[in-house]
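A.B. asks: Sequence:
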Amino acid sequence: MNLRLPQYARLLSWSLLLLIMGILTSCVGYIPPHSGESVHRDIVFARTPQRDLKLDLYVPETKTKEPPPVVIWMYGGSWKFGWKDIHVVLRDLSHHGFAVASIQYRFSKEAPFPAQLQDARAAVAWLQENGARYGVDGSRIGVSGESAGAHIAALLGVLDGPPDIRAVCAFSPPANLVALYEKHAWTGNQTIANLLRARLPAHNDLAAAASPTFNVRRGASPFLILHGRLDPLVPVQQSEELNDALHAHGVESTLKVFPNKAHWFSINQKEIAGVAKFFHRHLD
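Just so you know, we're using the UniProt record's numbering here: the sequence shown kicks off at 1 and counts up by one.
Watch out, some of these pointers could steer you wrong.
[Unchecked claim] For lysine-lysine, the following DSSO-like pairs were computed, each having C-alpha atoms within a straight-line distance of at most 27 Å:
#1 K183 x K256
#2 K270 x K256
#3 K63 x K109
#4 K277 x K256
#5 K109 x K54
#6 K277 x K65
#7 K261 x K183
#8 K63 x K277
#9 K109 x K80
#10 K277 x K261
#11 K63 x K80
#12 K256 x K63
#13 K80 x K277
#14 K183 x K80
Hints in this document: simulated from the structure, not taken from any laboratory. Predicted, not measured: the structure shown is a model, and the values here were computed from it.
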């Protein structure tokens, strides 16, 4: 094996991440409800040629008659795997008065981009139309996700924005797919090319069109971006570049970099409270 040490370390990081996720999927089931919370599982929100898409909806007990706003959560997994009931990082937003809708979207092997964006938009439309039936306010929607899910959430924020998408919290978002493909090209990794069903870099125009950073516009949703400084898969520069692009277009954005976190991370209750404060400011 003629790999330099940094290259070998990056390959090892990829392998360890996939191993950890595989172990988790084998031992973690449905997330239990919190006290007083209503949980609606496996609701079909869209029917596609490939499969029905489902969501889990966690609705908190409220002290007022006003239904809570809802935050849509999208899992990570390189656009090629993931589970709506595992590693829902913002699950505990329901402690802060938010409903959480953890949704499915089609994988790249099932349908190329923009199918994933279309699926997320279908979830938004479903909640707007049906949210009241489940006790949530479908007119007040925020979106969030990690990694591949954060990419989709960020696109919703920059392309659709308010009033449909009032705020975005993105964990480790792949924001510039052109640069991200170039970073991993030496490994033979074709994740982004497979997502687009296009040869790269020959069709970098398609990668740019699918990149949140290149689609930022004035009037986009406000952003809170969270990223680990030690991330070997999606470099922190991806979030820094997105944050700069948002500021350049006059869009509110806050970037928080965790110095000791890598790619697939959780946040503690104090940090969740900070995310809740961000969503309260824009969804209340």
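A.B. asks: Please go over all the hints and tell whether each is borne out by the structure.
C.D. replies: Taking the hints in turn, this is what the structure says about them:
no.: 1; hint: K183 x K256; in the structure: 23 Å, holds
no.: 2; hint: K270 x K256; in the structure: 14 Å, holds
no.: 3; hint: K63 x K109; in the structure: 44 Å, violated
no.: 4; hint: K277 x K256; in the structure: 14 Å, holds
no.: 5; hint: K109 x K54; in the structure: 18 Å, holds
no.: 6; hint: K277 x K65; in the structure: 21 Å, holds
no.: 7; hint: K261 x K183; in the structure: 20 Å, holds
no.: 8; hint: K63 x K277; in the structure: 18 Å, holds
no.: 9; hint: K109 x K80; in the structure: 7 Å, holds
no.: 10; hint: K277 x K261; in the structure: 22 Å, holds
no.: 11; hint: K63 x K80; in the structure: 40 Å, violated
no.: 12; hint: K256 x K63; in the structure: 32 Å, violated
no.: 13; hint: K80 x K277; in the structure: 32 Å, violated
no.: 14; hint: K183 x K80; in the structure: 19 Å, holds
Violated hints, in rising order: 3, 11, 12 and 13; the structure is consistent with all others.
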